[in-house]
Amino acid sequence: MDGICTLANDRVYHQLIALLNSIEAMMGPEMPVCVYPYDDQIDRIAAEIDRRPNVQLYTDSASIQKWDAYVRQIWDTHPTARQRWGDPDPTHYHRVGTHRRFCAFDGPFDRFIYMDADTLLLDSADFIFNQLNHQDWVVYDFQFTDPAHIYDLSSARLQELFPDDRIQTEIFCSGFYASKRNVFDQECLNWLLSELALGDAEVLYPMAPDQTILNYMVMKSGLSHYNFALELAADRHTGCCVTSPHFERQGNLLYDKGNRLTYLHYIGISSRYFNCICEGENIDVPYRDLFLYYRYLSCPEQHPVLSGKAKSYIQKTGLTQRFLRKFKLV
444 MDGICTLAND RVYHQLIALL NSIEAMMGPE MPVCVYPYDD QIDRIAAEID RRPNVQLYTD
504 SASIQKWDAY VRQIWDTHPT ARQRWGDPDP THYHRVGTHR RFCAFDGPFD RFIYMDADTL
564 LLDSADFIFN QLNHQDWVVY DFQFTDPAHI YDLSSARLQE LFPDDRIQTE IFCSGFYASK
624 RNVFDQECLN WLLSELALGD AEVLYPMAPD QTILNYMVMK SGLSHYNFAL ELAADRHTGC
684 CVTSPHFERQ GNLLYDKGNR LTYLHYIGIS SRYFNCICEG ENIDVPYRDL FLYYRYLSCP
744 EQHPVLSGKA KSYIQKTGLT QRFLRKFKLV
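Each residue of the sequence shown is one higher than the one before, starting from 444 at the first, in our numbering.
It should be emphasised that the hints constitute simulated quantities derived from the structure, not laboratory data.
The model shown is predicted, which means the values in this text are computed figures rather than measured ones.
Everything hinted at is true.
With beta-carbon atoms standing in for the labels, derived distance ranges:
| no. | residue 1 | residue 2 | range |
| --- | --- | --- | --- |
| 1 | R679 | E638 | 34 to 44 Å |
| 2 | N695 | N725 | 16 to 26 Å |
| 3 | K752 | A599 | 44 to 54 Å |
| 4 | Q611 | C631 | 22 to 32 Å |
| 5 | S755 | E691 | 16 to 26 Å |
| 6 | S664 | K752 | 47 to 57 Å |
Ideal Cβ placement from N, Cα and C applies to all residues, glycine included.
Full structure from sequences and hints, please.
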C-alpha cells in the first residue's frame with residue numbers, strides 16, 4: 444500500500460491541517476496518511492486526525508522507542524555535537540523529535556512519501572510513487588547546492604567517505620522524499636552505527652540532526668537514488684522553497700516559469716507565525732494566502748480576518764532576536 448506521512452505535534456496544528464487538506468485536494472480523500480508524533484504534545488492534532496478516516500496517528504511505541512534509542516546512540520558517537528548544541532547535559536539531544544520520521548521505515552505503508560508539516564502538496568504525487576518502481580530513494584529538491592546544511596564540510600573524513608561528485612548529486616532535503624518500508628533492515632542499521640562509531644560520525648552536521656543522519660544512511664548504504672531536480676530538463680523542473688519569490692499563483696496552485704510546482708516548503712518560517720496568522724494577526728509571510736486557502740479549505744467560514752498594516756515576519760524575527768539579545772536570553 445502507498446501512503447503519505449508527516450511528523451507533527453500541536454505546535455504545527457494549523458500547518459498540519461493545511462497539509463492534510465492539500466493532500467486530499469491533490470490525491471483524493473482516499474489517500475492514506477500517517478502522522479508520526481514529534482513528542483507527547485499531540486492532543487489537538489489527535490482530535491483532528493480522529494475525524495479524518497484516511498489519516499492515522501502512529502502509535503507503535505516499540506518502533507518509536509527503537510528509533511529514539513538509535514539516534515541517541517548515533518549522537519553519542521559524535522565528537523563535538525554537545526559543544527555545538529551548547530548543552531553538556533548527557534540527556535539532551537538537539538531536536539530529537541525530528542528523528543521520529545524514521546518510523547516510516549517500520550510504518551504502515553509499503554511505499555511512502557514523507558512531507559514535512561510545513562509543506563503543501565500542489566500536484567499529484569503519482570509520478571513520485573512511480574519512480575519508486577526503479578529506485579529505493581526519490582527526491583525533488585536543490586539541497587545539493589547547499590551541502591553545508593548536510594555535512595560538516597571541515598571534516599577531513601568527508602572527502603574520503605563521499606567524494607565531491609557524490610555530494611553534488613546525492614544529498615537531499617529531509618523535508619520531502621519517497622522510499623520504502625524496511626529499506627534499512629536491522630543488520631544494516633547495526634552496521635551503520637558501527638561505522639559511525641569508528642569515525643564516520645565526525646562528518647555529521649549536528650544542527651540539522653535528522654537531515655544529516657538520513658543523508659548519511661542513504662549514501663553510506665548505497666541505496667539507488669533519483670532526484671527529479673537533476674534528472675528533469677532545465678525547462679521542466681521547478682523549485683519548491685518559499686524563499687523563491689518568483690512563483691506565480693494561478694488559482695490555488697503555483698507555477699515556476701510555466702511549470703506547476705509539486706509542493707511548496709515553507710522552510711525557515713517558524714510555526715508561531717502561522718499560528719499568529721490563524722489567530723488574526725496580520726503577519727506577511729511569502730505565499731500566505733495560499734497557506735490560508737488550504738488551511739481553511741474545509742471550513743472557509745473560519746478564515747481569519749486580518750486587519751491593520753501587515754508586519755513582515757522577517758522584521759518580527761529581527762526585533763525578537765534583538766530583544767532576546769538585550770536581555771541576554773539567547
